[in-house]
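The sequence shown: position 235 = 234 (numbering that gives the first Met the number 0), numbered continuously.
Heads up, a few of these hints could be off.
Said to hold, decoys possible - Distance condition first, Cα-Cα at most 25 Å in a straight line; then the derived PhoX-like pairs of lysine-lysine:
| # | residue 1 | residue 2 |
| --- | --- | --- |
| 1 | Lys138 | Lys119 |
| 2 | Lys604 | Lys276 |
| 3 | Lys106 | Lys119 |
| 4 | Lys565 | Lys576 |
| 5 | Lys481 | Lys450 |
| 6 | Lys550 | Lys481 |
| 7 | Lys276 | Lys244 |
| 8 | Lys565 | Lys550 |
| 9 | Lys64 | Lys105 |
| 10 | Lys11 | Lys378 |
| 11 | Lys550 | Lys441 |
| 12 | Lys119 | Lys481 |
| 13 | Lys37 | Lys450 |
| 14 | Lys378 | Lys64 |
| 15 | Lys531 | Lys466 |
| 16 | Lys106 | Lys64 |
| 17 | Lys119 | Lys105 |
Just so you know, these hints were derived from the structure itself, not from any lab. Since the model is a prediction, treat every value here as computed from it, not as a measurement.
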Amino acid sequence: MKGVRRYDHGLKSLSIWWEKIALIGKINSFEVASTILKDMDDTLAQFNHLQSRLVESLINEHTRKVLLQNISCCQMAIDVLIRNLFERTADIGFLSTDYDVVRFLKKAHINEEDRLSIAKHLHAYVSIYSVYQDVILLKPDGELVFQLNQPTRSGQIRDSFIQQAVRLPNQYVEYFGATQLMEKSQVNLLYANAVVENDAVIGVLVLCFRFRNELEGIMGRLSSARQENPLLLINGAGEVLFAPKMYHQQYSSTLSLKTALQMITVNGKSVVAVCAKGQAYQGYAGPENWRVTALLAVENLDSEPSHFVSNKSEGASLFSDFTGLISADLYDIRQCSISINDDLQLIVLNGIITAAREKAIEFMPVLEAIKKIGRDIDKIFADSIDSLFSTIISGQLDAIKLQASLAVDIMDRNLYERANDCRWWGLSSLLRSALSASPIDKVGLQQTLAKIHRLYTVYHTLYVYDKQACYVAFSDARYQEKVGHRVEQGSGAQAVFGLKNSYQYCVSSFSVFDCYNGESTYIYNAALRDLKEEEVIGGIGIVFDSTTEFKAILNDILPREQGEVKEGVKALFTSDKGVVIACSSPDHVVGEVFWPDIDSTQLNKEGTTATVLRLGGVMYLIGAARSNGYREYKCQDGYKNPIIAWVLVPC
Numbered sequence: 000m001k002g003v004r005r006y007d008h009g010l011k012s013l014s015i016w017w018e019k020i021a022l023i024g025k026i027n028s029f030e031v032a033s034t035i036l037k038d039m040d041d042t043l044a045q046f047n048h049l050q051s052r053l054v055e056s057l058i059n060e061h062t063r064k065v066l067l068q069n070i071s072c073c074q075m076a077i078d079v080l081i082r083n084l085f086e087r088t089a090d091i092g093f094l095s096t097d098y099d100v101v102r103f104l105k106k107a108h109i110n111e112e113d114r115l116s117i118a119k120h121l122h123a124y125v126s127i128y129s130v131y132q133d134v135i136l137l138k139p140d141g142e143l144v145f146q147l148n149q150p151t152r153s154g155q156i157r158d159s160f161i162q163q164a165v166r167l168p169n170q171y172v173e174y175f176g177a178t179q180l181m182e183k184s185q186v187n188l189l190y191a192n193a194v195v196e197n198d199a200v201i202g203v204l205v206l207c208f209r210f211r212n213e214l215e216g217i218m219g220r221l222s223s224a225r226q227e228n229p230l231l232l233i234n235g236a237g238e239v240l241f242a243p244k245m246y247h248q249q250y251s252s253t254l255s256l257k258t259a260l261q262m263i264t265v266n267g268k269s270v271v272a273v274c275a276k277g278q279a280y281q282g283y284a285g286p287e288n289w290r291v292t293a294l295l296a297v298e299n300l301d302s303e304p305s306h307f308v309s310n311k312s313e314g315a316s317l318f319s320d321f322t323g324l325i326s327a328d329l330y331d332i333r334q335c336s337i338s339i340n341d342d343l344q345l346i347v348l349n350g351i352i353t354a355a356r357e358k359a360i361e362f363m364p365v366l367e368a369i370k371k372i373g374r375d376i377d378k379i380f381a382d383s384i385d386s387l388f389s390t391i392i393s394g395q396l397d398a399i400k401l402q403a404s405l406a407v408d409i410m411d412r413n414l415y416e417r418a419n420d421c422r423w424w425g426l427s428s429l430l431r432s433a434l435s436a437s438p439i440d441k442v443g444l445q446q447t448l449a450k451i452h453r454l455y456t457v458y459h460t461l462y463v464y465d466k467q468a469c470y471v472a473f474s475d476a477r478y479q480e481k482v483g484h485r486v487e488q489g490s491g492a493q494a495v496f497g498l499k500n501s502y503q504y505c506v507s508s509f510s511v512f513d514c515y516n517g518e519s520t521y522i523y524n525a526a527l528r529d530l531k532e533e534e535v536i537g538g539i540g541i542v543f544d545s546t547t548e549f550k551a552i553l554n555d556i557l558p559r560e561q562g563e564v565k566e567g568v569k570a571l572f573t574s575d576k577g578v579v580i581a582c583s584s585p586d587h588v589v590g591e592v593f594w595p596d597i598d599s600t601q602l603n604k605e606g607t608t609a610t611v612l613r614l615g616g617v618m619y620l621i622g623a624a625r626s627n628g629y630r631e632y633k634c635q636d637g638y639k640n641p642i643i644a645w646v647l648v649p650c
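Please model the entire structure based on the sequences and the hints provided.
Rendered as structure tokens:
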């Protein structure tokens, strides 16, 4: 590594010069110098031994830093993907029970009006849930009866996963590979579920996930700016399932990876491959043995890293304030170099006294030269360790920015699903017909809400309200006494009556609500229209379980080493004014203000920032990231709610 070689060369040059000067001393002042020069030779030997330790430790630390950063990126990528796919497993289960889907598949004879109706219904679905590219309906024998992207297509589909869905009607099927259903593409990720009526399978629903589109977004966000180490998705057999467009031609279709870290040869080049398997999310571990890997070209490990410049105004000293980030070996090497140089200064001082007593004036320049070399050697030790240390801190700051970005990205992705859910459920024929009935079918509303709630555990409760914005049904019994009362102020219900179409929604501010046990949360709302879709007759409110979900997100993104979270590490979500929305630790409570005294220029301009700051007497690495939205959520749908994620790591 260039920096390490530079320091090694400097130390070796000084060692050689030391030996030459010592030889001059022996030749010209042997009687005076014999004991002193022996002591100096011993000191040089100690420095040389320490030099070997230093070079080895510098290489180990630099390599460790690069590997940990890339392993962290791999872990983030696969974890984000697993969270996304977990939502797909909920979607397929719920949509397979959809009233309009069931009614369509029950028909013995399907006419053009039926096709137009289901096409409109499913087009609305993929417009809301934009992670899907197609929806397919089949009969139990594999007969294709409707495909959203090819409405006139028909024929017999013999893919084995269709029959698997029929055989296991109470389970979804996750399938990745080639399929008759998607003729023009090689591989797809699909979710299938049996459609059941009166305990009989009447068909199969298939959702086709926008696999490559989603992976480009995840990997692109986490890959480095220079794209030197692309992230790849592989399976247990080492088959490359995804590589970025600009790289997929460079890699063979299979990589032989047996461990999480190994050296392999790719296209004639040696690369270090690091891998990460996903962590299960709410019991879902993702497709079997899927992993994300980064291939690190060996020559890229030699690149000059960026350096951290200590903030002297904060009184930050690399060696005294950041010892928690430096290895024990490097710390010991630095202390030994200081001790050896101190001993050398004493030897030189003793030599000066002896030379003065013996009137050996010719020995004085030798002593001064060796004294200077000792200082130069010590300076190289100090500079090399400080340089590596500042590189480590710079890398840590980059990593902490990335983790803050990951936190707020996961939050946006999570809440994107909530915006989708409320709008789709607002289109439910069962809810709309029950609310349109005279009198209102409260039992039917409660049963439908309860069924939804059982599938979607991220909600505290779901409710429906009427034209007067009064509660008419809840998904569970704990709030039944509220039925008939007006919906809480600030919940977003009043804005529902101004929504122009089924793709619009409204969200409460992050506020305290009685229907969330008096704690703060978001409530997502969508309009319920009459069956002719002309009049808003009420709305649906879905109460997000923010305390549980946000804390889980923050805990999941906390920096780890060897699987353990370092003591004192914490993460927060705040508004852009600093009002705390969630915190991974009890140090900051919801509603208080947290806004460290940082320069916000980079955060405002680029959306992320990281710095070193002393808070409460503790020096922290602090990373912050502003929410950017996900797909159309917060980007094209008119909803604005800037959130800041903070990650704090004590030094």
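For the pair supplied as a hint, Lys565 and Lys550, is the alpha-carbon distance within the 25 Å limit? Judged against 25 Å, a Cα distance of about 17 Å means the pair holds.
Does Lys244 lie within 25 Å of Lys276 when you go C-alpha to C-alpha? holds (23 Å)
Run the distance test for Lys119 versus Lys105: straight-line Cα separation, threshold 25 Å. holds (18 Å)
Hey, Lys37 versus Lys450, does the alpha-carbon distance stay inside 25 Å? violated (87 Å)
Would you mind confirming whether the straight-line C-alpha gap from Lys11 to Lys378 stays at or under 25 Å? Status holds; Cα separation ~14 Å.
Given the proposed pairing of Lys550 with Lys481, does the C-alpha separation stay at or below 25 Å? Since the Cα atoms of Lys550 and Lys481 sit roughly 28 Å apart, the hinted pair is violated (cutoff 25 Å).
Between Lys604 and Lys276, does the CA-CA distance stay at or below 25 Å? Measuring from Cα to Cα gives roughly 34 Å; hence the hint is violated.
Holds or violated: Lys138 to Lys119, with C-alpha atoms at most 25 Å apart: Given pair Lys138, Lys119 holds - Cα atoms ~20 Å apart, limit 25 Å.
Take the C-alpha atoms of Lys106 and Lys119, compute the straight-line distance between them, and say whether it is at most 25 Å. holds (17 Å)
Run the distance test for Lys481 versus Lys450: straight-line Cα separation, threshold 25 Å. It holds: about 20 Å lies between the C-alpha atoms, which stays within 25 Å.
Holds or violated: Lys106 to Lys64, with C-alpha atoms at most 25 Å apart: violated (62 Å)
Below or equal to 25 Å on CA atoms is what counts here, so check Lys64 against Lys105. Roughly 59 Å separates the two Cα atoms, so the pair is violated.
When each numbered hint is compared with the structure, violations occur for hints 2, 4, 6, 9, 11, 12, 13, 16.
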